[in-house]
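Protein chains in written order, with the numbering used here: chain A, 1 to 90; chain B, 91 to 180; chain C, 181 to 270; chain D, 271 to 360; chain E, 361 to 450.
Simulated from the structure, these hints should not be mistaken for laboratory data.
Be a bit skeptical, because a hint or two may be false.
Far from chain E, some chain C residues (derived; all Cβ distances over 12 Å) [as the list claims (entries may be wrong)]: (1) Met191; (2) Arg194; (3) Val220; (4) Ala231.
Looking from chain D toward chain E, a few residues come up when the C-beta cut is under 8 Å (computed) [stated by the list, open to error]: (5) Val286; (6) Gly304; (7) Met307; (8) Val310; (9) Ile350.
Think about it this way: if two alpha-carbon atoms lie no more than 27 Å apart in a straight line, the pair counts; the simulated DSS-like pairs of lysine-lysine are [said to hold, decoys possible]: (10) E:Lys398 with C:Lys218; (11) B:Lys113 with B:Lys128; (12) A:Lys23 with A:Lys38; (13) D:Lys308 with E:Lys398; (14) A:Lys38 with C:Lys218; (15) D:Lys308 with B:Lys128; (16) D:Lys293 with D:Lys308; (17) C:Lys218 with C:Lys203; (18) E:Lys383 with E:Lys398; (19) A:Lys38 with B:Lys113.
We put the CB at the ideal spot given by N, CA and C, even for glycine.
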Amino acid sequence: MKSAVVIGRIMATRKVESLTGVKLLLLRRTGWDGTPMKEVLVAADAVGAGAGEHVFFVEARDASIAVQTNPPIDAAIVGIIDGADFESGY
Amino acid sequence: MKSAVVIGRIMATRKVESLTGVKLLLLRRTGWDGTPMKEVLVAADAVGAGAGEHVFFVEARDASIAVQTNPPIDAAIVGIIDGADFESGY
Amino acid sequence: MKSAVVIGRIMATRKVESLTGVKLLLLRRTGWDGTPMKEVLVAADAVGAGAGEHVFFVEARDASIAVQTNPPIDAAIVGIIDGADFESGY
Amino acid sequence: MKSAVVIGRIMATRKVESLTGVKLLLLRRTGWDGTPMKEVLVAADAVGAGAGEHVFFVEARDASIAVQTNPPIDAAIVGIIDGADFESGY
Amino acid sequence: MKSAVVIGRIMATRKVESLTGVKLLLLRRTGWDGTPMKEVLVAADAVGAGAGEHVFFVEARDASIAVQTNPPIDAAIVGIIDGADFESGY
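Between the sequences and the hints, there should be enough to build the whole structure, so can you do that?
Below is the structure:
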């Protein structure tokens, strides 16, 4: 899993049928501590994430099983991050 | 998902049978705002995209489920981009 | 498979249902001899690994089959490394 | 899909059973206009390609579904390229 | 498929159950002509490869179908290389 912040969304009227009703969100990759990175990608939303929320997403075939219609997607948001506990000494 | 612009197509007479009737389009990767990139790839067309259209595509196994014959492909166009809404402040 | 050391964990209350009860651990990549690398990632835990343990994990679709609920994950810890035998002369 | 030119083949007597009878070809990656690249890989042949032919291949799980025995392969040649039409102006 | 030489093995007592009895070998990547590279990885053994042998392996989901218990692995040795025939002139 990788982490990101939601920065917008994509509008698409013509698309494959199983994508109907699937929200496509623009994400900016972040470190697990929230530090923003350069990479911007689009992922399907499986948890109801909103702009500015810190989320984690899966890529490739696993993305498809996160959404009920099993649409052809290769990235999906599967959780909202509450926080990260780094153990000291490692 | 990644975004691209359609720049041409590939002709192939000898191919695996499940690719019969599948349109193979040449794409140039773009940013989500439409900025063209260097990378050129070929993807199967699942939405009837034409030259110059701004599309988004999926890669790997997900590409195969976008086309009815489930052909052995690793990239498929699954939607035409109408626009992108970037939320300010993120 | 790649090797890593467990350095913490991620908390997430809102997430897809099949992730309920799945421990999400922060890993730092290491060489197979234990040398730490820069990359930090999050993987589901399928073996009960704890902080500081030297583990190996799988990526992509294979991660999902390591956990009973088949959640949408793309990295899973599948073993704890006891040691590595390097044959001399290769 | 990516394009390549066939530059040779691999011999292997001891292999997993589902690879029996599967031709393993050495490919040099090319651009879609035929320009040779540095990368050399091995792919299973699903179309009867010969030395010097300009082909396109799929990678990852999709490769396996291109060959009848569904062998554990991660690259397969699925078509011979007749030509590429680049639309002007994009 | 990629090529490698077997340089050792990994010991792991605590692991997911489907990995019981699966030999995990340390590989050093090589070119198809046998030239050693820097990258070292671990792959499950599906052909009974030994130290010093020149092998080829598959990655991602395809690795899993090479081993009877379908364990969560993302790399598997599927053949021993006898030799490579490079066609002259390409």
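Legend entry - Hint check against the structure, violated hint numbers in rising order: Going through the list in order, the structure violates hints 6, 7, 9, 19 and respects the others.
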